[in-house]
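Could you put the whole structure together from the sequences, leaning on the hints where they help?
Protein chains: 2
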Amino acid sequence: MLPAALNDVIDALGRLPGVGSRTAERYAYFLLKSDANVSENIAEALSALHTGVKTCPKTFAIMDASESISPLYDDPTRDKNIVLVVEEPLDIYAIERTRSFTGTYHVLGGAISPMDGITADKLHIRELIERVAEDSVTEIIIATNPSVEGESTAVLLEKLLHEKYPDLRITRLARGLPLGVSLEYADQITLTSALNNRTNL
Amino acid sequence: MLPAALNDVIDALGRLPGVGSRTAERYAYFLLKSDANVSENIAEALSALHTGVKTCPKTFAIMDASESISPLYDDPTRDKNIVLVVEEPLDIYAIERTRSFTGTYHVLGGAISPMDGITADKLHIRELIERVAEDSVTEIIIATNPSVEGESTAVLLEKLLHEKYPDLRITRLARGLPLGVSLEYADQITLTSALNNRTNL
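Chain order of the listed sequences is A and B.
For the first sequence, this note's numbering puts the final residue at 201, and the numbers step up evenly by one.
For the second sequence, this note's numbering puts the final residue at 201, and the numbers step up evenly by one.
Incorrect hints may appear among the rest.
Any copy will do: because identical chains look the same in the list, a pair fits if it lies in one copy or spans two.
Said to hold, decoys possible - The calculated lysine to any residue pairs, modelled on SDA-like cross-linking and capped at a C-alpha distance of 25 Å, are: (1) LYS33 to GLU151; (2) LYS80 to SER136; (3) LYS33 to THR171; (4) LYS33 to ARG126; (5) LYS54 to ASN7; (6) LYS33 to VAL19; (7) LYS54 to SER68; (8) LYS122 to ASP8.
In case anyone wonders, no lab produced these hints; they're calculated from the structure.
Computed from a prediction, not measured in an experiment: that's the story for all the values here.
Structure (structure tokens):
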């Protein structure tokens, strides 16, 4: 019923996560009403996405295709003796935004989830173990997500790292009350952690 | 901080209506994780949008660029004596989906809104008045939106059409309770219309 070119845009945008046909229609119609260079701009950015981004061979972070190694590893201000381990590349930017970490990163590429076919050998665990020796790492901070998969991955990592490097310091992000969540809404596990890890005032 | 190509996608998608930086990031990262041809597909559809869609010179509906006149006007099954007037091209498809209308359409291209600089001469009113004579129109159905601007536009249209064609039947879409809205949530104006225009059971 709609012009084919408009239908194509609705179908294409409908593939974005959480975008239903109504939202896709709204986006498409907005683009149709806007100047052609708005659509052209988005089209160009999308075409350049995969060619412009590549994975760092050392840390598995994402980086500009022009780089040979992630600047978050290569920069002399980054402390290579401390490695913060995350599941996904974008997790790095959540940590970077805090401006509280000057070590380096290691991206696992997911978390162990046998149901989804993600086993330990699909993650960049071997490369992490190699990095500990190569970069004389003194501390590994495990920052997997607080989910069942993230927890299992953390437990496995701790075991593998401890077996190979008994003296390596292995830490994880603290559990506790997030800012702005009042006690009555906090879940039991978070509250138990907050109580067990209470700090002196 | 992010790779430039990823940043470009986030910026570009952030121009879509209602898409903030978080949503744009989510879309961009989804595209980065997906196969390159998903982004490429969206890019191609967007590039083809403005060249593939044009405005019908008669009804101002949107149509395939390959058509010379809207099929919703040109098709012999469409009754050219009845013209339904809408503000925007997509309004047509809302009516078409009902499968209850076999007349033709006329798109005004907006509603009168002096605050936004949309005055009567910016709308396709003159062309509508010409169509009444050209196509021996017997009824004009005014289907502008139930907003202040839509109402003012309807009143003006009625006045202009009535002046020129005193015998032309001019109607508007009925006001009443929409499906699924209970009485206690209906606004006062809707409820007044529903009461005034009550129908026999």
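Cross-check of the supplied hints:
no., hint, in the structure
1, LYS33 to GLU151, "between (48 Å within a copy, 23 Å between copies)"
2, LYS80 to SER136, "within (8 Å within a copy, 82 Å between copies)"
3, LYS33 to THR171, "neither (53 Å within a copy, 29 Å between copies)"
4, LYS33 to ARG126, "between (52 Å within a copy, 22 Å between copies)"
5, LYS54 to ASN7, "between (32 Å within a copy, 14 Å between copies)"
6, LYS33 to VAL19, "both (20 Å within a copy, 17 Å between copies)"
7, LYS54 to SER68, "within (9 Å within a copy, 46 Å between copies)"
8, LYS122 to ASP8, "neither (36 Å within a copy, 30 Å between copies)"
The structure does not agree with the numbered hints 3 and 8 stated previously, though it agrees with the rest.
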